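*Asks:* Each chain is listed here by its residues.
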Amino acid sequence: MIGHNTLVVLLGCAALGVAAGVVGSFALLRGRALLADAIGHAALPGVVLAAMVVALLGGQSRELAPLLLGAAVTGVLGLLALRRLTASGRIRPDAAIAVVLSSFYALGTVGLSIAQTLPGVAQAGLSSFILGQAATLTESDALLAGSLALGCVAVTAALFQPLRALCFDESFARAQGLPVRALDLTLLGLLLAVCVAGLPAVGLILVVALLVVPAASARLLAARLPGMLALAALFGALAGAGGALVSTRFASIPTGAAVVLGGLVIFSGALGLSRLRRA
Amino acid sequence: MSAPPLDITGLTVRYGERPALTGVNWTAAPGLTAILGPNGAGKSTLLKAALGLIPADEGQVRFFGLPLEQARPRLAYLPQRASVDWDFPASALDVVAMARLPRTRWFGRLPRAEREAARAALAAVGMADFADRQIGRLSGGQQQRVFLARALAQEADLFLMDEPLAAVDVVTEQTILAVLHGLVRAGKSVLMVHHDLSLVQAHFDQVLILAGRVVASGPVAEAFTEPAIARAFGGLPGRTPTEAAA
Numbered sequence: 000m001i002g003h004n005t006l007v008v009l010l011g012c013a014a015l016g017v018a019a020g021v022v023g024s025f026a027l028l029r030g031r032a033l034l035a036d037a038i039g040h041a042a043l044p045g046v047v048l049a050a051m052v053v054a055l056l057g058g059q060s061r062e063l064a065p066l067l068l069g070a071a072v073t074g075v076l077g078l079l080a081l082r083r084l085t086a087s088g089r090i091r092p093d094a095a096i097a098v099v100l101s102s103f104y105a106l107g108t109v110g111l112s113i114a115q116t117l118p119g120v121a122q123a124g125l126s127s128f129i130l131g132q133a134a135t136l137t138e139s140d141a142l143l144a145g146s147l148a149l150g151c152v153a154v155t156a157a158l159f160q161p162l163r164a165l166c167f168d169e170s171f172a173r174a175q176g177l178p179v180r181a182l183d184l185t186l187l188g189l190l191l192a193v194c195v196a197g198l199p200a201v202g203l204i205l206v207v208a209l210l211v212v213p214a215a216s217a218r219l220l221a222a223r224l225p226g227m228l229a230l231a232a233l234f235g236a237l238a239g240a241g242g243a244l245v246s247t248r249f250a251s252i253p254t255g256a257a258v259v260l261g262g263l264v265i266f267s268g269a270l271g272l273s274r275l276r277r278a
Numbered sequence: 000m001s002a003p004p005l006d007i008t009g010l011t012v013r014y015g016e017r018p019a020l021t022g023v024n025w026t027a028a029p030g031l032t033a034i035l036g037p038n039g040a041g042k043s044t045l046l047k048a049a050l051g052l053i054p055a056d057e058g059q060v061r062f063f064g065l066p067l068e069q070a071r072p073r074l075a076y077l078p079q080r081a082s083v084d085w086d087f088p089a090s091a092l093d094v095v096a097m098a099r100l101p102r103t104r105w106f107g108r109l110p111r112a113e114r115e116a117a118r119a120a121l122a123a124v125g126m127a128d129f130a131d132r133q134i135g136r137l138s139g140g141q142q143q144r145v146f147l148a149r150a151l152a153q154e155a156d157l158f159l160m161d162e163p164l165a166a167v168d169v170v171t172e173q174t175i176l177a178v179l180h181g182l183v184r185a186g187k188s189v190l191m192v193h194h195d196l197s198l199v200q201a202h203f204d205q206v207l208i209l210a211g212r213v214v215a216s217g218p219v220a221e222a223f224t225e226p227a228i229a230r231a232f233g234g235l236p237g238r239t240p241t242e243a244a245a
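Sequence order for the protein chains is B and R.
Here numbering that gives the first Met the number 0 is used: position 95 in the first sequence is 94, and no number is missing along the way.
Here numbering that gives the first Met the number 0 is used: position 183 in the second sequence is 182, and no number is missing along the way.
These are calculated hints, taken from the structure and not from any lab test.
Errors might be hidden in some of the hints.
[What the hints assert, rightly or not] Facing chain R, from chain B, some residues (calculated, C-beta under 10 Å):
1) Leu28
2) Ala32
3) Cys166
Computed from a prediction, not measured in an experiment: that's the story for all the values here.
For each residue, glycine too, the CB sits at the ideal point set by N, CA and C.
The following block holds chain B by itself, in its conformation from the complex (with noise of 0.2 Å):
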């Protein structure tokens, strides 16, 4: 049987993978998908720093809205550190990222080593940050990733029309005079968004799977953006409650992995299924 606590947990996980799919399909069609994983990677700091900070300040260190409000704050900094270093045009994009995330990363595990020498956070679970354990979570902490995610797909759903338009044709879009800056950045928010809500469940390693794996699939079947974005929706719940399900069974399997291995299974047959229909 799935206990009462057990089953929001499946909710919360499906819902973040159902934003995973819709944010993760504009931001794979705009080709900034692995701007992901740079911030899943520079939010490890600010979930360290936060956890001291709440620990120092005599908190519960094992509530979770101050970690996640760090992780969007590095989050944030590590895409300014991406802008700032790509300005110039000297250094690619790619390169830029691998810095970005690798510092950033590093930053993280050697506050994390010293935090845990600290009263008080040792027992927050820090290190589930990293792979992700969705067993971890509270009945509170499912629900609000799960609303964080419903938010997403709200914001994403109302600008449709104008986030299409952009990912299609940039040039075309400003010469109509539509925001791209402002559509532009409103899509950055939304990747945030998702990362650091996936973060706790998925962790910050592989949440970038969630938000490509079940868009790149949808993208292999759908002949059009909404049903693209409805199949990546489906895949993205699909592999985030498989995933959470099968790290609540088997508690040494890690969510996020999980949740990749689940997602690969769905791209492998949206693979397949695409090549057949092309023979």
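Dock chain R against chain B, hints included.
*Replies:* Chain R alone, transformed into the frame defined by chain B:
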């Protein structure tokens, strides 16, 4: 006399250190204008800089006597076909309907009237039967006609087109030329980056010949001369108007 569709003063654009356009002064006349010049002459750059898609280092651009922001609803743009990913999950109608976005609210489905306007634009380029086809499954010429339909759906007074006749089939070339002449008859103006000198005398009213700066401009009969072509193209054999028209 009303303001010209496009008036450019002292336009200079550099890519890093390399100048792409230097001190361009040009006033477009109404009608169908071909923008000619060798590769790297700054033809596409001129359109993009005029539309604010790339930053200009110096210069002023006015459309119908107005700055870009105020003139935008009267402009249509047709980028190079190769500038987008045609595997994008969209139908021909989806792409054309994007032109109607500034006229509608963003939220929810595109209103029926807007979708009908997009369908009419597709029909105008002979693509009515392909409205629901995924754009990646269209031929190159059909894709080019979808781009033209999208520009038509903008219902503009001035059309800026970047090589709509590049590498298209005969049917598409005929269709596009017919549509362009129809626009001009309806009082619209078209500025078109173009590379096939053989079509100029038969189809265009005006030319602008570029080679990093203005080499010649004006009515075809006056400006489309062998010396001007030779200066722009560096006297390449086989590119003179007489030979090209032969």
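*Asks:* All hints are to be evaluated individually against the structure, with a verdict given for each.
*Replies:* Here is what the structure says about each hint:
{"no.": "1", "hint": "Leu28", "result": "holds, 7 Å"}
{"no.": "2", "hint": "Ala32", "result": "violated, 14 Å"}
{"no.": "3", "hint": "Cys166", "result": "holds, 7 Å"}
Consistency with the previously given hints fails for number 2 only.
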